[in-house]
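A.B. asks: Given next are the chains, with one letter for each unit.
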Amino acid sequence: MTLEKFANWEGTVDELKGLVSERALTGETMMLNMGPQHPSTHGVLRVLLELEGEEVVNCIPDIGYLHTGIEKNMEYKTYEKSIVMTDRMDYLNPMGNNLVYCLAMEKLFELDVPPRAQIARVILTELTRINSHLVWLGIGGLDLGVTSTMTYCFREREILLDIFELVSGQRMMSTYFRPGGLWRDLPDEFEAAVRHVLDTFPAKFDDYENIFVGHPVFIDRTQGIGFISAEDAIAYGLTGPMLRASGINWDIRKAEPYSSYDQFEFDVPTGQHGDVYDRYMVRFEEMRQSLRIIEQGLNMLPDGPFRSDNRKYVPPPRSELGRSMEAVIHHFKLWTEGFRPPKGEVYVSTESPRGELGCYLVSDGSPNPWRVHFRTPTFTNLSALAKLSKGYMIADVVAIIGSIDIVLGDVDR
Amino acid sequence: MKDPQLVLPEAFGDAIEGIETFRGQLTIYVAASHIVEVARFCRDTDGLRYVFLSEVMAADYYPSVPRFGISYQLYSMLYNRRLRLKVMWSEGDPDVPSVTELWPAANWHEREVYDMFGIPFDGHPDLRRLLMPPDWEGHPLRKDYPLGYETVQFSFNVDEINKHKPYARKNGDER
Numbered sequence: 031m032t033l034e035k036f037a038n039w040e041g042t043v044d045e046l047k048g049l050v051s052e053r054a055l056t057g058e059t060m061m062l063n064m065g066p067q068h069p070s071t072h073g074v075l076r077v078l079l080e081l082e083g084e085e086v087v088n089c090i091p092d093i094g095y096l097h098t099g100i101e102k103n104m105e106y107k108t109y110e111k112s113i114v115m116t117d118r119m120d121y122l123n124p125m126g127n128n129l130v131y132c133l134a135m136e137k138l139f140e141l142d143v144p145p146r147a148q149i150a151r152v153i154l155t156e157l158t159r160i161n162s163h164l165v166w167l168g169i170g171g172l173d174l175g176v177t178s179t180m181t182y183c184f185r186e187r188e189i190l191l192d193i194f195e196l197v198s199g200q201r202m203m204s205t206y207f208r209p210g211g212l213w214r215d216l217p218d219e220f221e222a223a224v225r226h227v228l229d230t231f232p233a234k235f236d237d238y239e240n241i242f243v244g245h246p247v248f249i250d251r252t253q254g255i256g257f258i259s260a261e262d263a264i265a266y267g268l269t270g271p272m273l274r275a276s277g278i279n280w281d282i283r284k285a286e287p288y289s290s291y292d293q294f295e296f297d298v299p300t301g302q303h304g305d306v307y308d309r310y311m312v313r314f315e316e317m318r319q320s321l322r323i324i325e326q327g328l329n330m331l332p333d334g335p336f337r338s339d340n341r342k343y344v345p346p347p348r349s350e351l352g353r354s355m356e357a358v359i360h361h362f363k364l365w366t367e368g369f370r371p372p373k374g375e376v377y378v379s380t381e382s383p384r385g386e387l388g389c390y391l392v393s394d395g396s397p398n399p400w401r402v403h404f405r406t407p408t409f410t411n412l413s414a415l416a417k418l419s420k421g422y423m424i425a426d427v428v429a430i431i432g433s434i435d436i437v438l439g440d441v442d443r
Numbered sequence: 003m004k005d006p007q008l009v010l011p012e013a014f015g016d017a018i019e020g021i022e023t024f025r026g027q028l029t030i031y032v033a034a035s036h037i038v039e040v041a042r043f044c045r046d047t048d049g050l051r052y053v054f055l056s057e058v059m060a061a062d063y064y065p066s067v068p069r070f071g072i073s074y075q076l077y078s079m080l081y082n083r084r085l086r087l088k089v090m091w092s093e094g095d096p097d098v099p100s101v102t103e104l105w106p107a108a109n110w111h112e113r114e115v116y117d118m119f120g121i122p123f124d125g126h127p128d129l130r131r132l133l134m135p136p137d138w139e140g141h142p143l144r145k146d147y148p149l150g151y152e153t154v155q156f157s158f159n160v161d162e163i164n165k166h167k168p169y170a171r172k173n174g175d176e177r
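As they're listed, the protein sequences go chains A and B.
Once you know that position 19 of the first sequence is 49 in our numbering, the rest is easy, because the numbers rise by one and skip nothing.
Once you know that position 161 of the second sequence is 163 in our numbering, the rest is easy, because the numbers rise by one and skip nothing.
Source of the hints: derived by calculation from the structure; they are not laboratory data.
Just to be clear, a hint being listed does not mean it is correct.
Computed list of lysine to aspartate or glutamate pairs in EDC-like fashion (alpha-carbon distance at most 20 Å, straight line) [claimed, not checked]:
no.: 1; chain 1: A; residue 1: 107; chain 2: B; residue 2: 146
no.: 2; chain 1: A; residue 1: 102; chain 2: B; residue 2: 139
no.: 3; chain 1: A; residue 1: 284; chain 2: A; residue 2: 295
no.: 4; chain 1: B; residue 1: 145; chain 2: A; residue 2: 105
no.: 5; chain 1: B; residue 1: 145; chain 2: A; residue 2: 394
no.: 6; chain 1: A; residue 1: 420; chain 2: B; residue 2: 128
no.: 7; chain 1: A; residue 1: 137; chain 2: B; residue 2: 22
no.: 8; chain 1: A; residue 1: 373; chain 2: B; residue 2: 22
no.: 9; chain 1: A; residue 1: 102; chain 2: B; residue 2: 152
no.: 10; chain 1: A; residue 1: 417; chain 2: B; residue 2: 103
no.: 11; chain 1: A; residue 1: 342; chain 2: A; residue 2: 140
no.: 12; chain 1: A; residue 1: 102; chain 2: B; residue 2: 146
no.: 13; chain 1: A; residue 1: 417; chain 2: A; residue 2: 262
no.: 14; chain 1: A; residue 1: 417; chain 2: B; residue 2: 128
no.: 15; chain 1: B; residue 1: 88; chain 2: A; residue 2: 394
no.: 16; chain 1: A; residue 1: 373; chain 2: A; residue 2: 105
Assemble the whole structure, with the sequences as input and the hints as a guide.
C.D. replies: Here you go:
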């Protein structure tokens with residue numbers, strides 16, 4: 031199919047000239063459309079591939095199919111009401127998204143978070159990290175011919191989702207973190223449920239690693255594929271496991287500790303080769319490190335308040351409403367008008383399962399944020415897809431997309 | 003380790019338009035015409051080494067003038083600190099020079115800013131809309147762009163909805 035024919039149904043031939051080689055215009059190389067409805071694109075990603083035989087000459091990702099205008103919508107809601115929208119960006123990392131938005135707000139308001147809430151936040155975000163990596167592992171295995179892990183990983187993920195339901199009442203869209211702490215205290219059953227995870231998961235992780243590492247098809251399809259050097263990884267803005275697989279030891283939890291991560295001991299796994307295989311191994315090890323963090327968190331979880339009592343920003347608990355007129359006034363004010371933070375701009379970044387998740391918050395002093403922007407990790411990681419896949423076979427593109435661990439809700443927002 | 007608050011005004015003089023610290027975060031306002039030189043200086047100078055570009059984002063400060071602010075989040079892995087460069091821009095000003103030659107990472111970020119705010123970048127290799135469809139009219143994150151909604155298409159109202167689409171106006175009610 032020549033480009034002219036290809037473009038007839040899309041109407042974008044002028045835009046594509048200059049992106050593809052001259053040979054595509056004469057039909058010498060083939061243009062192939064992959065997605066947006068393709069199982070290996072992990073959502074709705076469209077990739078235009080220019081192929082010479084089976085070799086990828088050029089690759090043009092096309093995103094925006096899941097663009098929901100979350101940033102625009104948040105400008106029309108009060109600060110606290112827009113927390114629900116952050117869950118829906120990266121739907122595999124809802125707690126992490128809540129966390130970065132709450133941290134940005136807390137930085138802007140100079141709001142303190144009690145220690146119990148900080149440790150609980152760490153435990154829950156690490157559980158979310160395991161949850162996210164399990165989905166990535168199951169679906170990534172499906173791409174690469176390791177089909178059995180899909181059901182195993184989703185079985186384990188179910189246990190984690192039950193814990194999220196236990197604490198927040200919601201399996202996936204938890205909206206559990208609030209400015210100043212948590213929505214409500216951790217339930218009594220929480221510790222036992224998490225201990226069960228700590229006891230059973232390490233053996234499961236070993237099993238999965240054996241399935242992958244002992245699988246010749248997996249090894250053939252990942253080693254030496256999708257290489258990127260450390261210098262290029264930095265220039266292309268890669269973060270998270272993508273960057274660490276190239277040998278750079280940079281983890282925001284270590285470099286700029288937030289939410290009491292400085293009290294925890296854990297290792298940051300890195301790779302050496304910067305290929306798909308190393309990205310898999312880095313994530314495997316990250317899951318084990320997350321268990322370490324969770325165990326320490328459970329052991330040090332202090333008693334005490336779970337939310338700040340700064341009534342300028344935090345509504346009073348239900349129990350006070352029947353007794354105190356002041357509490358009723360605060361309640362009414364905070365749930366109708368919202369609060370008025372100081373003017374200013376802050377940028378806060380956290381380490382999500384996929385990389386640097388940042389929130390840029392601009393306040394003009396009104397109850398609605400003037401501008402919220404999320405620096406999402408897969409957005410930047412995906413922009414390097416052309417760099418990663420040039421020169422490899424078309425089947426490798428599937429492996430490379432899987433190793434980026436894209437979540438299209440995170441890319442498009 | 004050098005202090006960018008001292009080094010940058012020394013090296014660029016009037017091109018540094020202001021320095022601001024809020025909540026411990028440093029923002030340096032740079033003239034739009036000089037952003038590439040300043041960014042390259044920040045990246046390559048010993049003692050600064052802001053080698054990592056986290057993001058490029060914009061905000062619409064309507065009705066104040068200049069209207070748009072474009073922020074570049076830089077990070078120095080060596081010294082573990084951040085710096086925000088900020089460029090103010092209004093419609094009618096010359097295009098903002100693109101930093102894609104320094105960081106390929108800026109490619110999609112600048113495309114997103116162009117898509118959402120209509121801020122053109124000079125020297126960008128591929129300045130197209132990124133998230134919105136290519137035939138979209140307007141720039142959604144501008145403050146004068148209403149929130150709006152898309153009517154849900156059913157079989158009974160598909161003709162009526164098609165009439166309001168940009169392509170219908172262009173081709174005279176047929177597609």
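A.B. asks: Does each hint hold? Answer for all of them.
C.D. replies: Here is how each hint holds up against the structure:
| no. | hint | verdict |
| --- | --- | --- |
| 1 | A:107 / B:146 | 17 Å, holds |
| 2 | A:102 / B:139 | 16 Å, holds |
| 3 | A:284 / A:295 | 10 Å, holds |
| 4 | B:145 / A:105 | 10 Å, holds |
| 5 | B:145 / A:394 | 13 Å, holds |
| 6 | A:420 / B:128 | 18 Å, holds |
| 7 | A:137 / B:22 | 16 Å, holds |
| 8 | A:373 / B:22 | 13 Å, holds |
| 9 | A:102 / B:152 | 15 Å, holds |
| 10 | A:417 / B:103 | 15 Å, holds |
| 11 | A:342 / A:140 | 11 Å, holds |
| 12 | A:102 / B:146 | 12 Å, holds |
| 13 | A:417 / A:262 | 9 Å, holds |
| 14 | A:417 / B:128 | 15 Å, holds |
| 15 | B:88 / A:394 | 17 Å, holds |
| 16 | A:373 / A:105 | 15 Å, holds |
Checked against the numbered hints above, the structure violates none of them.
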